[in-house]
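Chains as they are written, first to last, in this note's numbering: chain H, 1 to 275; chain E, 276 to 540.
No lab work stands behind these hints, which were simulated from the structure alone. One or more hints might be untrue.
What the hints assert, rightly or not - For the chain E half of the interface with chain H, some residues (derived, Cβ under 8 angstroms), not all of them:
1) ALA332
2) GLY334
3) GLY345
4) ALA367
5) ARG369
6) PHE373
7) PHE390
8) ALA395
9) ARG438
Stated by the list, open to error - Per label pair, the in silico range of CB-to-CB distance:
10) E:HIS463 with H:ASP28: 38 to 46 angstroms
11) H:ARG268 with E:ALA421: 17 to 25 angstroms
12) H:ALA115 with E:GLU361: 47 to 55 angstroms
13) E:GLY309 with H:LEU90: 49 to 57 angstroms
Unchecked claim - Anything over 10 angstroms on all C-beta distances counts as not near chain E; from chain H, calculated:
14) VAL8
15) ARG13
16) ASP28
17) LEU35
18) ALA52
19) MET110
20) PHE116
21) PRO120
22) ALA131
23) LEU140
24) PRO171
25) VAL192
26) LEU248
27) GLY255
28) TRP272
29) ALA273
Even for Gly, the Cβ is constructed at its ideal location relative to N, Cα and C.
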Amino acid sequence: MTLTGSGVASGTRGRRQPQLLRVFGPIDLRMRVALGVAGVASVFALWLVGAAAFAGGSLIPTPGATWTAFWDQWHTTLRGDLAASSYRILVGYTISVAIGIVLGMAMGAMRSVEAFFEPPMGFLRYIPATALVPVFLLLLGIDETPKIWLIVVGTVFFNILMMADAARAVPRELVNAAYTLGAGQWTVLRRVVFRHSVPGIVDAARVNLAAAWLMLVVAELLAANNGLGFGVERAHRFHAFPAMFALLMVFGIIGLVSDLLLRALRGRLAPWAEG
Amino acid sequence: MTTADVIEVAAEALEGPGGLVVAGVSKVFSGRRGEVAALADVDLHVEHGELVCLLGASGCGKSTLLSIIGGLDHPTSGRVTVGGDEVIGPGADRGMVFQAYSLFPWLTVRRNIEFGLELAGVDHAARTARVDELLGTMMLTEFAEALPRELSGGMRQRVAIARALAPEPDILLLDEPFGALDAQTRRHLQDFLLALWRRTGATILMVTHDVEEAIYLASRVYVLAPRPGRVLEEIDIPFGRDRGPTVKRDPRFIDLREALADALG
Numbered sequence: 001m002t003l004t005g006s007g008v009a010s011g012t013r014g015r016r017q018p019q020l021l022r023v024f025g026p027i028d029l030r031m032r033v034a035l036g037v038a039g040v041a042s043v044f045a046l047w048l049v050g051a052a053a054f055a056g057g058s059l060i061p062t063p064g065a066t067w068t069a070f071w072d073q074w075h076t077t078l079r080g081d082l083a084a085s086s087y088r089i090l091v092g093y094t095i096s097v098a099i100g101i102v103l104g105m106a107m108g109a110m111r112s113v114e115a116f117f118e119p120p121m122g123f124l125r126y127i128p129a130t131a132l133v134p135v136f137l138l139l140l141g142i143d144e145t146p147k148i149w150l151i152v153v154g155t156v157f158f159n160i161l162m163m164a165d166a167a168r169a170v171p172r173e174l175v176n177a178a179y180t181l182g183a184g185q186w187t188v189l190r191r192v193v194f195r196h197s198v199p200g201i202v203d204a205a206r207v208n209l210a211a212a213w214l215m216l217v218v219a220e221l222l223a224a225n226n227g228l229g230f231g232v233e234r235a236h237r238f239h240a241f242p243a244m245f246a247l248l249m250v251f252g253i254i255g256l257v258s259d260l261l262l263r264a265l266r267g268r269l270a271p272w273a274e275g
Numbered sequence: 276m277t278t279a280d281v282i283e284v285a286a287e288a289l290e291g292p293g294g295l296v297v298a299g300v301s302k303v304f305s306g307r308r309g310e311v312a313a314l315a316d317v318d319l320h321v322e323h324g325e326l327v328c329l330l331g332a333s334g335c336g337k338s339t340l341l342s343i344i345g346g347l348d349h350p351t352s353g354r355v356t357v358g359g360d361e362v363i364g365p366g367a368d369r370g371m372v373f374q375a376y377s378l379f380p381w382l383t384v385r386r387n388i389e390f391g392l393e394l395a396g397v398d399h400a401a402r403t404a405r406v407d408e409l410l411g412t413m414m415l416t417e418f419a420e421a422l423p424r425e426l427s428g429g430m431r432q433r434v435a436i437a438r439a440l441a442p443e444p445d446i447l448l449l450d451e452p453f454g455a456l457d458a459q460t461r462r463h464l465q466d467f468l469l470a471l472w473r474r475t476g477a478t479i480l481m482v483t484h485d486v487e488e489a490i491y492l493a494s495r496v497y498v499l500a501p502r503p504g505r506v507l508e509e510i511d512i513p514f515g516r517d518r519g520p521t522v523k524r525d526p527r528f529i530d531l532r533e534a535l536a537d538a539l540g
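Same shape as in the complex, but just chain E (with noise of 0.2 angstroms):
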């Protein structure tokens, strides 16, 4: 082994399974009217455990990045790198959750949640005791055999979240992952990824245009500007992993939120 592979193993091991590398991400969409830069030189990292947001307004290029991560859009420059391998394509160890309109609508809640598990080859009864498991975290349990369009839309996403955790990715992305909902079933979930988080020590990534959201959940935030997308800060979050709302009437939460909404522009 030479000092180099050394230094790369031991590189890999700080990073610990799931480590996520963005180096010098650039994407440059190419259309009728030219060239438009969406992303420029994007650095970030995500260390395993860690709940990081991005945080921009819209045409920041913050779903584009996402995309890149989990591998369904492919970067102009730059390279994304998890646990040390490099990022060519989709798979499941970069579990992804939309918007909205995600779910197989012809498969019940349980198949959803099973997909993932099947195209891994899992055993049925691995299959079942898994989505058992899941059922019982996202409170769904019930509705096991209900169809997609049966549930409401916390409901949904709640079964998103679950079936992008069933094959037991090293990140979860989440993509405006509450955007679509209502206030009050959006704090509702914001406090059950908190428990999420805090109960599997998952590693995620979630992007949103939402301050508040952005300081309530994340440990770290970086603050995106628009056109070209790149990032204008990063900013560390004082608040531990056993935050609840009360910590919205906390001093520092309230100078964070007025200094990112300042950063937003």
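Looking at chain H on its own, in the form it has when it is part of the complex (with noise of 0.2 angstroms):
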């Protein structure tokens, strides 16, 4: 007991942590920035030594290459299938999400409406929706509507499901302390069961808007005249395949704004869910 408190080490206790690969382990912002930009940069040279690899260019473009085709394209097409595609996506996607609220709200606060909707979604989710472009195509033409409706059936499936979820996870303390204040059955879905959803709805939207996309790439490549996809399909009979890769990039950045944009959404919504 003499040594107690001299502060000599006689030899060490614990498992020493790892400071870099630490299971839920934090790490600054600075090696958080390094490590995001090391990443951007792999993807990047892997692009270059492919590039390089296949036939020196030709079928797998250099990024100079893909720039420049860019470009061109943003003076001539990319600007009017930019518009042709968002539009379809915004229209599409916003019927979506609005069915995939009113019905995800009721399915998951009322076991009625679940008991009910659960078998035939149970059934129709699992039918690919990109087998459906055919259907489609054949029942409502080529116009806008066909790829519209795709659009919502591609993904209204996701945004039912993911929003009943985030319905369900509302805490019974609340809806049973809304009814103890007074409060029916309407008032508590929208004003509890709704609210509290608000911040699961917008990342429901935030994921499955992918999907969307998907389903309009499809359509696109298959009939269209116009839009992202169809450029694609443009660019493939020609062998444009440095304006093809600027496509895909087009996709990537659009992905990435949307992304941002509904993250900062659900802060401006649900700023009490943050953090």
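Reconstruct the complex from the two isolated chains, following the hints.
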């Protein structure tokens, strides 16, 4: 006992924890940024290697050629394609999210509604929406209507199910508190279930937006005379690989931007659910 | 008016507004493994202006009983009346406070307290006046615009009590309201509840598993036994409304604590 408090260590105890690869461990902001930059740089490096390896840049274009192709298209077809595709996504996905909110809230909050919709939805959602493209084109023609409805069917089941989960996660204490303060069913649905689900609804909309673009591109590849998907098909027809790659970049950027916007929207609509 | 009517009216007058009667309430839950009797033939009453505690160990169905009184759950048999009216569902006349996490996290303290008043259609000016008054009573005035997550556990429960009180309920139902708090905050809120009861004369029914809490707060205690939940004993607490922490050193308090602890097993 005489050595107690002398501060002289005779050995070590415990398992030393790694700094970078610690499960749920914190990393500082500088390291975070550095790793992010490294991630983007490695994709870029992979691209350069690929461009050099595959037929010297004719099959996989170099970043430089892609950049040039991007600006060529920007001055010709790209803005029109972007507008056409954005319009379809905006209309189709808005319908999908609206249906998702209404049915999702009802299914998540009421067992009766859930019991009615669960079995048919369990069946319908396993039909790949892409397999419906020919059906929709035959039924609805080749104008805007089938493309918009393909976006709806391709995403609405995901939206409904995820939004129903958000409604299911509403704490019962909040619902009971509202009831004992005099709330009826409609008030509870609107002011407690929906309100509490807002962040979950935005998250679902953000995640499933990728499926909306997938459906749109499939539809545009097969039957369209404008739109980003049609742009890819046109580039394919003319073996214009740099133009095709430029369009792929555009998809990536649109995804990134809409993701950031929806994250910001979530923060704006539900600041109480942040962090 | 027939004689029976007269007796009925007289009985209601005796009960007073807010008088709660639980008569022969049983509750059976049917699950996959058969039926479980949660409550068996429970009789109890709370008079106007009383503070009564339901004391029981976990599994004695005390929260189920409170839910039934609150109208959130239905008895398998028996009935609950408040002021002579049969309870058929939840309503703001029976304000309820839950153990924790029952504040609307997206609403400020003020808007949380206002919730019931809004639903009752109380106009803005009257709402503001009532909420200001409650904020003062609950010592929450400076936190009126804070969100629940910015408050401590004890403050949140004060907001929950204020919210339940706002629509002026006939009876306040408290479901282990201090159960999730640390010991010091719990003692603080117990004194707070006593002061509130003294000042407002509210009718309060509180569920707890804490023997000392029940004796310290209640004018009467119902001891519940588990499986199936039933009333084991009804005990009058001999301390008046003006009791304070010193009562805990009273020999009668200590005797009651022993007796109730034994009754709980």
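Now the hints, each set against the structure:
1. ALA332: At about 22 angstroms, which exceeds the 8 angstroms cut-off, the nearest Cβ of chain H leaves the hint on ALA332 (chain E) violated.
2. GLY334: violated (19 angstroms)
3. GLY345: Since chain H brings a Cβ to about 6 angstroms from GLY345 (chain E), closer than 8 angstroms, the hint holds.
4. ALA367: holds (4 angstroms)
5. ARG369: holds (6 angstroms)
6. PHE373: With a minimum Cβ separation of about 5 angstroms from chain H (threshold 8 angstroms), the hint on PHE373 (chain E) holds.
7. PHE390: Check passed: Cβ of PHE390 (chain E) comes within 5 angstroms of chain H, closer than 8 angstroms.
8. ALA395: holds (6 angstroms)
9. ARG438: Since the shortest Cβ distance to chain H is 7 angstroms, the answer is holds.
10. E:HIS463 with H:ASP28: 38 to 46 angstroms: Because 40 angstroms falls inside the window, the suggested range holds.
11. H:ARG268 with E:ALA421: 17 to 25 angstroms: For ALA421 (chain E) against ARG268 (chain H), whose Cβ atoms are near 20 angstroms apart, the range 17 to 25 angstroms holds.
12. H:ALA115 with E:GLU361: 47 to 55 angstroms: Between ALA115 (chain H) and GLU361 (chain E), where Cβ atoms are some 30 angstroms apart, the hint is violated.
13. E:GLY309 with H:LEU90: 49 to 57 angstroms: The hinted range 49 to 57 angstroms holds for GLY309 (chain E) and LEU90 (chain H), with Cβ atoms some 55 angstroms apart.
14. VAL8: holds (39 angstroms)
15. ARG13: The claim holds: ARG13 (chain H) sits with its nearest Cβ about 31 angstroms from chain E, beyond 10 angstroms.
16. ASP28: holds (26 angstroms)
17. LEU35: holds (31 angstroms)
18. ALA52: holds (54 angstroms)
19. MET110: Holds: least Cβ distance 16 angstroms, greater than 10 angstroms.
20. PHE116: holds (23 angstroms)
21. PRO120: holds (26 angstroms)
22. ALA131: holds (39 angstroms)
23. LEU140: With a cut-off of 10 angstroms, LEU140 (chain H) remains clear of chain E, as the shortest Cβ separation is near 41 angstroms.
24. PRO171: With a cut-off of 10 angstroms, PRO171 (chain H) comes too close to chain E, as the shortest Cβ separation is near 6 angstroms.
25. VAL192: violated (7 angstroms)
26. LEU248: Holds: least Cβ distance 40 angstroms, greater than 10 angstroms.
27. GLY255: Non-interface label stands for GLY255 (chain H): nearest chain E Cβ at 29 angstroms, farther than 10 angstroms.
28. TRP272: For TRP272 (chain H), whose nearest Cβ neighbour in chain E is about 5 angstroms away, the distance does not exceed 10 angstroms, so it is violated.
29. ALA273: violated (7 angstroms)
Of the numbered hints listed earlier, those contradicted by the structure are 1, 2, 12, 24, 25, 28, 29.
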